[in-house]
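Participant: Residue-level listing of the chains:
There are 2 protein chains.
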Amino acid sequence: MNTAFQKLTMINDAFVDRLEVSDRGLAFGDGLFETLRLSRGCAPLWNFHLDRLEVGCARLGIAVSRAHLDASFQRFVSAIPAETNAVLKLIVTRGSGGQGYRPLKTCSPTLIWQCLPLADTAHLARDGVVLHRCQLPIYPNPNLAGLKHLNRLDYVLAAKDLPEIPDIQGLLLDHKGNLLEAIHHNLFFVKDNVLMTPRMSEAGVKGVMRRVILERIAPACSLSVREDDFSVDALIQADEVFLSNSVRGIWPVKEFEQKSWAVPGIVTAQIQSQVEDIFTGMVVWQ
Amino acid sequence: MNTAFQKLTMINDAFVDRLEVSDRGLAFGDGLFETLRLSRGCAPLWNFHLDRLEVGCARLGIAVSRAHLDASFQRFVSAIPAETNAVLKLIVTRGSGGQGYRPLKTCSPTLIWQCLPLADTAHLARDGVVLHRCQLPIYPNPNLAGLKHLNRLDYVLAAKDLPEIPDIQGLLLDHKGNLLEAIHHNLFFVKDNVLMTPRMSEAGVKGVMRRVILERIAPACSLSVREDDFSVDALIQADEVFLSNSVRGIWPVKEFEQKSWAVPGIVTAQIQSQVEDIFTGMVVWQ
Numbered sequence: 001m002n003t004a005f006q007k008l009t010m011i012n013d014a015f016v017d018r019l020e021v022s023d024r025g026l027a028f029g030d031g032l033f034e035t036l037r038l039s040r041g042c043a044p045l046w047n048f049h050l051d052r053l054e055v056g057c058a059r060l061g062i063a064v065s066r067a068h069l070d071a072s073f074q075r076f077v078s079a080i081p082a083e084t085n086a087v088l089k090l091i092v093t094r095g096s097g098g099q100g101y102r103p104l105k106t107c108s109p110t111l112i113w114q115c116l117p118l119a120d121t122a123h124l125a126r127d128g129v130v131l132h133r134c135q136l137p138i139y140p141n142p143n144l145a146g147l148k149h150l151n152r153l154d155y156v157l158a159a160k161d162l163p164e165i166p167d168i169q170g171l172l173l174d175h176k177g178n179l180l181e182a183i184h185h186n187l188f189f190v191k192d193n194v195l196m197t198p199r200m201s202e203a204g205v206k207g208v209m210r211r212v213i214l215e216r217i218a219p220a221c222s223l224s225v226r227e228d229d230f231s232v233d234a235l236i237q238a239d240e241v242f243l244s245n246s247v248r249g250i251w252p253v254k255e256f257e258q259k260s261w262a263v264p265g266i267v268t269a270q271i272q273s274q275v276e277d278i279f280t281g282m283v284v285w286q
Numbered sequence: 001m002n003t004a005f006q007k008l009t010m011i012n013d014a015f016v017d018r019l020e021v022s023d024r025g026l027a028f029g030d031g032l033f034e035t036l037r038l039s040r041g042c043a044p045l046w047n048f049h050l051d052r053l054e055v056g057c058a059r060l061g062i063a064v065s066r067a068h069l070d071a072s073f074q075r076f077v078s079a080i081p082a083e084t085n086a087v088l089k090l091i092v093t094r095g096s097g098g099q100g101y102r103p104l105k106t107c108s109p110t111l112i113w114q115c116l117p118l119a120d121t122a123h124l125a126r127d128g129v130v131l132h133r134c135q136l137p138i139y140p141n142p143n144l145a146g147l148k149h150l151n152r153l154d155y156v157l158a159a160k161d162l163p164e165i166p167d168i169q170g171l172l173l174d175h176k177g178n179l180l181e182a183i184h185h186n187l188f189f190v191k192d193n194v195l196m197t198p199r200m201s202e203a204g205v206k207g208v209m210r211r212v213i214l215e216r217i218a219p220a221c222s223l224s225v226r227e228d229d230f231s232v233d234a235l236i237q238a239d240e241v242f243l244s245n246s247v248r249g250i251w252p253v254k255e256f257e258q259k260s261w262a263v264p265g266i267v268t269a270q271i272q273s274q275v276e277d278i279f280t281g282m283v284v285w286q
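From first to last, the protein sequence lines are chains W and R. First residue of the first sequence? That's 1 in our numbering, and the numbers climb one at a time after it. First residue of the second sequence? That's 1 in our numbering, and the numbers climb one at a time after it.
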């Protein structure tokens, strides 16, 4: 199998893999990113990623249009063989220029695409993962909450100390000890048939799959939803727990500290099935 | 005058100016930086910058030795003509590799040097600057407080909305409305002959020049020092206010909102003179 495309990189319109060191993405983390699943050559949630990028660019004041982002996506995907399964990563930076932190109004954004291998994680979707409580809290920052921006040192530091075992995923708490998310996933749990998820108003990354679940899948499954602040105790008392990610889909949680769950739970299986339909193209949302 | 060296860039040992896009410095802001003043070919505070880098690398778990950093500095400076005045910027990233946020233990750090022009700011050191209160607060993050790390979006967003007038500098407050620092400088003020500066235990960048002032210049000038939490009112009631930066030196503040000061104040002038002696090599500290 020819896998050369799995290292394909495009910066703006050029298929190169090196970036000028003056770029503000490197200097200050001045930008955003997305990772999206390419399933048999299609990125079924691209429009949802575009929505988040538009919101993020507006909040950071990065001048790039939805049409420009979409044209860049189309150009990159057209260079990848049809029917490919892969992960596409897009970094959008403010570009180069400015006096230190202060950007020039004329900065021209940099779009960086990478095509990366899609790991086979079917066993984790089937058998579930263990949640491990990270010691490092994530502090609130309403300036940036919800965005998938490039300032991710807190997540790196939290991840650094995790045991290197593939089925262990890190649970992040906020500074008050409330649930926030998992390191690479959003966190959901079910109690008495209500789907619960942290509201993430002051910190964390609001995932594309989180939005799909809340806005599309939960209504389709007639599930009540509650976004709120939750304690660790609420998690331990849950009937089911699962993690969501727009590349990896839905992973049931089988264990957290003293508690274990049979996986997948009924609601988790329902949501997994809906997500599978998205990835296989059986359901298309725009 | 040949100024080609002012665009000189070195990545690890190679004089190139483009970085692999897989570098974690770009992906996650996973690294640190320093900007240092090269005065007539010498960087008088390099050992202080090294101290801060060592502390930062230890806190982030980036494996790079002082000897390696110093050898890299020597190699870069030897490529710059003698007697040059410039700004040297060093970015130290964790390098490439890892599973998403979780770094590999074997990551090999990337050292990126840039030689940039040193702006002539003598008029600001002489005539002073105006402080402008930034609307965006800087939220506490004890995980990263004090470090000059690459996660600087808060500073970019605060700087973005400043008026584009050279002598206006942005004053950053914390989430409680207390003084923190200026966008590119640390903040000092004098009241009844005591030198005051925010203690910065939960946010902000503890500058090299700040340390030099607190540990070397203040004792040499028999000045009492107080690091504490201060309100904006304390600033308005100050006898003198100034900003410190290891490249730009000391800039007196001549105006903040309804208050103005004759510049430089007596203590400010004393400290400016000591800093000038450092930059001109008349005082050497190791």
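Possibly wrong hints are sitting among the right ones.
Identical copies go unnamed one by one, so any copy, or any two together, can satisfy a pair.
Claimed, not checked - Calculated cross-link-like contacts (lysine-lysine; reagent style DSS-like; alpha-carbon spacing at most 25 Å):
(1) K191 - K206
(2) K259 - K89
(3) K7 - K259
(4) K105 - K160
Simulated from the structure, these hints should not be mistaken for lab results.
Participant: Each hint: holds or not?
Facilitator: Taking the hints in turn, this is what the structure says about them:
Taking CA atoms no more than 25 Å apart as the test, K191 paired with K206 passes inside one copy only; the shortest distance there is 21 Å, against 46 Å between copies. With identical chains, the CA atoms of K259 and K89 are never at most 25 Å apart, being 35 Å at best within one copy and 50 Å at best between copies. Taking the shortest alpha-carbon separations for K7 and K259, neither the intra-copy value of 41 Å nor the inter-copy value of 58 Å comes in at or below 25 Å. Proximity of K105 and K160 under a CA criterion of 25 Å is satisfied inter-copy only: 9 Å between copies versus 37 Å inside one chain copy.
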